[in-house]
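As given, the protein sequences belong to chains A and B, one line each in that order.
Taken in order, the first sequence gives residues -2 to 491; the numbers are from our numbering.
Taken in order, the second sequence gives residues -2 to 491; the numbers are from our numbering.
I should point out that these hints are in silico values taken from the structure, not numbers from a laboratory.
Note that the Cβ used here is the ideal one computed from N, Cα and C, for glycine as well.
Hints should not be assumed to be uniformly reliable.
What the hints assert, rightly or not - Below 35 Å or equal to it, Euclidean Cα-Cα: the simulated DSBU-like pairs (lysine-lysine) are:
no., chain 1, residue 1, chain 2, residue 2
1, B, LYS200, A, LYS200
2, B, LYS87, A, LYS87
3, A, LYS76, A, LYS87
Unchecked claim - A short list of chain B residues far from chain A (calculated; beta carbon distances all over 12 Å):
no., residue
4, PRO12
5, ASP37
6, ALA61
7, ALA166
8, ASP201
9, ALA291
10, SER309
11, ALA314
12, GLN317
13, ASN476
Said to hold, decoys possible - One side of the interface only, derived from the structure: several residues of chain A facing chain B at Cβ under 7 Å:
no., residue
14, ASP100
15, ARG115
16, ARG413
17, GLY418
18, SER424
19, THR426
20, ALA428
21, TYR435
22, GLN442
23, ARG456
24, THR459
25, GLN461
26, ASP462
27, ALA463
28, ARG483
29, GLY486
There are 2 protein chains.
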Amino acid sequence: MTLRQQERQGPADTPPEELDRLIGAATDAARVLVGSRPSDRAGWLEHVATRLDAAAEDLVPLAAQETHLGVDRLQGELKRTTFQLRLFAKILRDGSFLQATIDHADPAWPMGPRPDLRRVLRPLGPIAVYAASNFPFAFSVAGGDTASALAAGCPMLLKANPSHPELSAATGVHVTDALAEAGAPDGIFAVVMGFDTGIALVKDARIRAASFTGSLRGGRALFDLAVSRPEPIPFYGELGSVNPAFVTPDAGAQRADDVAAGFVGSMSLGNGQFCTKPGLLFVPAGTGLEDRVAALASERPAAPMLSEHIRSGYSEALAQLAERPGARVIAGKVNPEGDPAPTVLATTASDLLADSEAMTQECFGPAALVVSYGSEDELLAAARVFEGQLTATIHSSRQEPVTSALLEVLTERVGRVVWNGWPTGVSVTYAQHHGGPYPATTSVQTTSVGTAAIDRFLRPVTYQDAPDDVLPPALQEGNPWRLPRRVDGVLQSV
Amino acid sequence: MTLRQQERQGPADTPPEELDRLIGAATDAARVLVGSRPSDRAGWLEHVATRLDAAAEDLVPLAAQETHLGVDRLQGELKRTTFQLRLFAKILRDGSFLQATIDHADPAWPMGPRPDLRRVLRPLGPIAVYAASNFPFAFSVAGGDTASALAAGCPMLLKANPSHPELSAATGVHVTDALAEAGAPDGIFAVVMGFDTGIALVKDARIRAASFTGSLRGGRALFDLAVSRPEPIPFYGELGSVNPAFVTPDAGAQRADDVAAGFVGSMSLGNGQFCTKPGLLFVPAGTGLEDRVAALASERPAAPMLSEHIRSGYSEALAQLAERPGARVIAGKVNPEGDPAPTVLATTASDLLADSEAMTQECFGPAALVVSYGSEDELLAAARVFEGQLTATIHSSRQEPVTSALLEVLTERVGRVVWNGWPTGVSVTYAQHHGGPYPATTSVQTTSVGTAAIDRFLRPVTYQDAPDDVLPPALQEGNPWRLPRRVDGVLQSV
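From just these sequences and the hints, can you work out the full model?
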């Protein structure tokens, strides 16, 4: 089933005239939002969080029904989602995100007299957000992109993911109502549906940026539309990743049980349907690590996948991987009758190096490939075959000589390096980076998780010699919002 | 003459095999640079500045000969160029640009236990920089893009502008030698030549970003190549802008002489060959402002243009503008025999509104259009016709009601708002923003002038639970580089 077919089975597409009206309302809202106070927006986000927390008993069962994810996992995800809204509220109150910068006029500035210049970030305008299938709360209607776009002061249209349409509609009602109750302007937020709606959205001249979490194929197609517009717009696509993990000889010898258990736990979490699922594990040959992984994986139960679309994509990718020369199934089945259980394949580094493109494709689901290497040179050669990744993981018991070289090779290719841990369970924090070189994302410099995600929806504007009373408050001499600012080159806290 | 033809007349193109070798050397240099200390890079930039200052007597006459710009202007521009290198050295020593962020492990983090996460910015890798014609120092071989790319720790290939090839080669020797003398790695910098070389560069998989200053057509063509690569890369194009200036009724009544003198000075500076040249001046009808502008412009001498290519583009654009219904020449000539002198056309806001696309095209050279408006509504309607601009200027003697509305309309469209001044003479400072919505640039969130320009060439990476001795110094617990860092959400100065 194609995505377009899947969309056809969900709620009706947003009619084109309704989409046009909603984008128009967002455009009007943008003019109001640009003057809104960050602390007011903080209050809106907090009210959305409160309301979603209160609606957990309605929303979680709906999510469980549509996604087949467990209630515990979904409750945890909703908690993460409302935490995220509150964390953005906190950075709105802090105000550093505005990067307010003031250079007073200086007749003695070395390159020549300097006028008074003041820069601040302002919202980009109406944003299109494409929700993901695999996090029905945290990367969906009220997810991280929504929190960061609204925090930035951008109105937004949320293109619902077809895998959980009822939950999307229900969550959308809560978000829209909560924003209205909290005093946000009309038109700030709407949920839209349908494949063609998603295409119309990214092509609309009033939309000023788009963010997306999903497949490489879908994301690249939308990226291509975004950049080929008469006026290209930023497109923040978080696409595929296989998140390789590397076990050094020492770690393999000393912590094989821990590594095997951690790996199987991480690769099978959420039935393997995470963009940070570790899809490859490189292990030293002869340590028996692959057998331990196989044994643990075989104990895991089968579970339904998010949607028929994802299931069929998974089966196809896994079947292709299993057909590669040198690949053999050591746990699970490639084409089970019912729901898939964790499935592990094994190969050697030399077979992988001979066929690296095919053997490093993402299988979005509970499958992984264990690759045994014979030497440190082979380990490093294998690390070099990867294109851009969200994460890479190193298990190393001490600073073996190969570790530095491995770290250097991997850091060139990834957005996050995980040490003696696992990449799933992306914490929402200040220092998080959830991004990476293409094809992990279409925008190597930005993150979709963590407080820095707000940067995607802001742009600078500088005022030259403007009188105090026409400046935005963030730049007024008296600092009425009590922001941290850089003044004449020096960062000043409050 | 097309650009390709012009390139054919300059020094020989860089042969493809030589280009390949240089990109290979830059790729090797990138691995060394990623570990370089920012304060060491500061020393390199300062040494380049010292050497260029010492070479002024050689370089300025060469620049004057190739560009026809005056010696005084060129001396000032070289001073700006070396100041810029030293300002980036200063921010390298400050270290805030790394945005080092540390979140300690926190078992009580509200969304669930948080691992230790540490983020820092690192260089993108080899960069292609396309030099501009109109600033043979400040936006060319040793210009702002070079300073910010090298400051970021990126090796770079500088595609020389064909309008000043000898100066480019000579400057390139100074930069390359100075970097080597200061201890920078081999392969960090090279000047390359030729139209086809420029195309090959942006398509090369080893190049990780490109920056460009030049025409809308050329910039868009390179942007299209950059984003249609198998692995798209960031493309920072600074393209065209007409930089409209708006005189409110009060300012027109009270400061007509100042406004006229300032406008003519700004539009004819550098023979009008600045991306910030104010190309349109909106004046209240009946104040005689257009006659004053015409009188002052007529006193200005003719001057040669940067190149035959630019001269022909200017003549063509000006002729097209002069043919628009309602446009009349009030100073200068549309098709003079020799060098062009400042040329002013006049029209009314109603004629402009009826034909706005054609009447707001950039004429890159000493031409401008004075537009008289009859009412504040007409003034605001005219302000709304503009697409993205680098700058807009407001002359207002006091805070008239129309001013707020005008400011709101313009701030939506531009990167810098100038108050009772003129947009030329872009100061290099912390708060400067030289950018704007498309078509002013291809990258609405970045600047090519000022210290924030370094952000274009950096990307984040996060380390999770990494031991202190494998972390980069910027993230080590003891803060050996004494950087300002955000720790557990709180900005800490040193």
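Hints and how they fare:
| no. | hint | in the structure |
| --- | --- | --- |
| 1 | LYS200(B) / LYS200(A) | holds (26 Å) |
| 2 | LYS87(B) / LYS87(A) | holds (32 Å) |
| 3 | LYS76(A) / LYS87(A) | holds (16 Å) |
| 4 | PRO12 | holds (29 Å) |
| 5 | ASP37 | holds (18 Å) |
| 6 | ALA61 | holds (20 Å) |
| 7 | ALA166 | holds (26 Å) |
| 8 | ASP201 | holds (15 Å) |
| 9 | ALA291 | holds (27 Å) |
| 10 | SER309 | holds (26 Å) |
| 11 | ALA314 | holds (20 Å) |
| 12 | GLN317 | holds (20 Å) |
| 13 | ASN476 | holds (15 Å) |
| 14 | ASP100 | holds (4 Å) |
| 15 | ARG115 | holds (6 Å) |
| 16 | ARG413 | holds (4 Å) |
| 17 | GLY418 | holds (5 Å) |
| 18 | SER424 | holds (5 Å) |
| 19 | THR426 | holds (4 Å) |
| 20 | ALA428 | holds (4 Å) |
| 21 | TYR435 | holds (4 Å) |
| 22 | GLN442 | holds (5 Å) |
| 23 | ARG456 | holds (5 Å) |
| 24 | THR459 | holds (4 Å) |
| 25 | GLN461 | holds (4 Å) |
| 26 | ASP462 | holds (5 Å) |
| 27 | ALA463 | holds (4 Å) |
| 28 | ARG483 | holds (6 Å) |
| 29 | GLY486 | holds (5 Å) |
Checked against the numbered hints listed earlier, the structure breaks none of them; every hint is satisfied.
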